Amino acid sequence: MQAEKMETDVFILGTGIAGMQAALDVADAGKNVVMVDKSPSIGGKMISLSKVFPTLDCASCITTPRMASVSHHKKITTFTYSEVRFIRKEAGRFRINFVKKPRYVIEEKCISCGKCEDICPVLIKDEFEQNLGAKKAISIPFTNAIPQYPVLDMEHCIACGACARVCPAECIDFSQKEREYELTASAVILSTGFEITPMNAKEEYGGGKFKNVISPLQMERLLAPHGPFSGVVRPSDGKIPDSIAFVQCAGSRDKSIGVPYCSRICCMYSIKQAQLLSGALPLADMTIYYMDIRAFGKGYEQFYQNAKAMGINFVKAKVGKIEELESGNLRLHIERQEGESLPEEVEHDMVVLSQGIRPTPEENFRNINGISRNEYGFIHLPSVPTFPNATGIDGIFAAGAAVGPKDIVDAVQDAGSAAIDALNYIKRTSR
Amino acid sequence: MTDKSAEQSRDFYRQDVKVGVYVCHCGGNISDIIDVEDVARDLSDYPGVSVSRNYIFMCSSTGQGLVEEDIRTKGINRVVIAACSPALHELTFRGTLERAGLNPYLYEHVNIREQGSWVHKSNKKAATEKSKKLIRAAVEKICRQNPLEAIRVNAARSIAVIGGGVAGMSAALSLGRQGFNVYLIEKENRLGGKLNSLWKAYPSEEDGEKTLEELEKDISSLNNINIYLESEVKKIDGYVGNFSVEIVKKGSPEKIKVGALVITTGYVHYIPFEGEYAYKTTKKVVTLPDFIEMLKDDEKNGSLKNVKSVAFIHCVGSRQNPSLDKPQKDEKVNDYCSRTCCTSALFRIKQLLEKYPDKKIFDFYRDIRTYGLQHESYYEELSKKGVLFFRYPEDTRPQVEVKGDKLEVKSKDILTWNEEVSVEVDMVVLLTGVMPADISVIVDDLKLPIGSDRFILEAHPKLRPVEVPNLGIYIGGTAQAPMDLLEAAYGGKAAASKASMLLSKGEISLDPFVASVNPELCDGCEKCIGECLYPGAIVMENGKAKVIPALCKGCGACAAVCHTRAINVAGYSLEQIDAMVEAISKE
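Chains as they are written, first to last, in the working numbering: chain A, 2 to 432; chain B, 616 to 1202.
Here chain A stands alone, though its shape is the one from the complex (with noise of 0.2 Å):
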């Protein structure tokens, strides 16, 4: 197979807040920008987030048209569903390498119309929904996924092919093979975003094997208005909750676990969804155990102060195990670190685990010559404050959560620093 040739001026790996922030920021300086994700739709993370902190905004809301922006850029071009399999520098510009997978829908002709997917006959689980709910094998990603081209699993598929007879523009193709490009870019953001410390990071606390034992993820698809039950329920029996709780860094500040480091989000994020369902469940109490209260950014301590008003209960406690009851409640054992310090068992109907941010997989970047990673696996950063989003390779700059726990909207200042970057290293090496 031949690989399709193309040019452009930054090459940007991630379609996160931060990968479009530093996108939009390039592009609307006048350089072409390519960018690359692996998933199916543009928007990251953040898209399928509820609300947002501390302004409770809708984050479809103000993600959509981010995302809009982006795909309608003349000067941005996105692929999504991709991978790359290497960048390298070449003769002081960037050959890169990737391969975008088939979605077996020649998207060239498909129209979005859904038929395939209201067809399909196969329902898997469905991971934007955090594995809440189902879809169909065939399936638009998300109800403001961009593009809105279906992706059929070919795993699931059992090959009835109704899809491909109820389609109107005739754009099933079960032969559909990945398709190469070779890029050459002047220059290179990474903005590859993070991932979460897996829900059984700490055993002790049932994550991933007790049902009502949920992912913040979760939570925010269950608090999400077009969410996978319309309503916050838990996920054993559909009962509407009336205790919740969130146990805070079960996935953080543990060397334990591999993650020494605070995930800067957490907590907030935590005090937000508990103002949620404060909102959403107004019978319901909110119990969040902590280690400290991180509320560190612009107006975050106004809003922590504000869920405390609320009535939201903040018990400064280790949780040292959880246990699941018949009832399908759960039982933990804490310590209180105030009043009387006593060893104390508590009921909820629900526990969120607050998990942490990590790093991407190291393969992300074994292909990516000559980028080191710190310490924690983030993206090294060998010149800050100087030249802060600089990597070790000259050209090649990282923005977001790739280099370390970020909330959006350090993320998408880093982004614009990355882009301005980006922008002079393509001015002076032109020169």
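These are computed hints drawn from the structure, not numbers from a lab.
Only true hints are included.
With a cut-off of at most 25 Å between alpha-carbon atoms, the simulated SDA-like pairs for lysine to any residue come out as follows:
#, chain 1, residue 1, chain 2, residue 2
1, B, Lys920, B, Lys974
2, B, Lys1120, A, Gly31
3, B, Lys947, B, Arg1069
4, B, Lys1168, A, His74
Given the structure is predicted, the values throughout are model-derived calculations rather than measurements.
With chain A fixed as given, assemble chain B onto it according to the hints.
For chain B alone, kept in the frame of chain A given last:
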């Protein structure tokens, strides 16, 4: 207007108007609730409408193709799209019209999703009727729409960066490298701002002086960065692309013209009141910046050798409570977190203990907020090294008293059953927070929005942190919010990126939706000037009001107060709005 004349004027408009109405299903987002076929059918009979269609996704390339085809073959010259929020796809469809050769402003977007199907799920019939009315109103409006042209303003390829700390230097450097003419304005006699007093900074432990020298070297290598030391901004006026900044440099005034402004005016340290934690009643109570100076001095002179024990008190001037803390002159306390003090303090304690492992350290805190990658390790290390941490309750404050040669610090400690603890120490360090520098001249001249925390209020706290609502003005670093050295550098550069984007084309294109005054109707009452939110957007000329289009944001406040109906906003004229109201209220 009598009914008859209204009728006539409508006819006049409709002589050459052919409206195309397109009702989108949005997958099922709209059509599951709203009967889109009924809506399209209803509109097809509406006066002025030539084509009325419904389609599953108007924004898809096929959907847009329908519009283009109708413009080309059916002579459609006004377009109404009833779909999602215009925030999503207004630009999409302007592009559609442009591609088909039609003025992009001859299009009206009706939101029947967020304002229709999504909010009226339980009443499909009413949702359908509401959609019809909204679309009829849009048809009436677009019938009265003239082609509009974007306002173009020439922009000077020069930028004033106000404040020469790390944010300002980073911004200036980034812009200088882009080839812009940069004026970097600093009130002190050297660049660097707080870098000058940081000594060794966390997490790199690199000397602030060294960072500063590197930045200075890079800046001085560019001859398009003009450095103004010992200079202050006296006055700013003008608008995007054409700001005029009056600077007083070492006593002599100078005026510069710039296309954009980057405000990186930084912060000042909170200064405790006399008696606050015994501050100023004894020299043994010092602030964090004082302590950093002492550490620096100690390196040469061993001046901290005889200090055997130190207590650190967190959140002095931060996270304040009006019932416990004394307010500032504006009668407000600092209710925000200053972000950097926890890490900075723990890092300085670490430095102290590395030299003097035997010193006794007591740390009175509320929450330890060591949020950065390396920051947590300081906390862990100090806990292991025997620093005693006491957590004081939010509704109390530690007390500091002078006891002879010593200082006594008393506090409740949450970690030990709220017990009252008391320690005797040789020194108390108050971890003082940050407050924005006084930039009232700039704030007043530019009418910058200020938050309740006194920092400059950004256009959006999540997605537009370095912008303000006024185009051409960008903010970076601690003028916006407390941040550390690295974060300030990011902020300054992000602001530079925005300024660079704006000025890269030499010309700025602004939305045409601005107000204009009909001088024949204006009676010079100046009510509009009083109502206008944007300084200088309306001026008086020969006794009549006049709008400066580049400054006008088209909010319509002036039009609303004009008693002679002399003011109209392009695209939202009084006549259009009257017609829309009439269409909606008609049964």
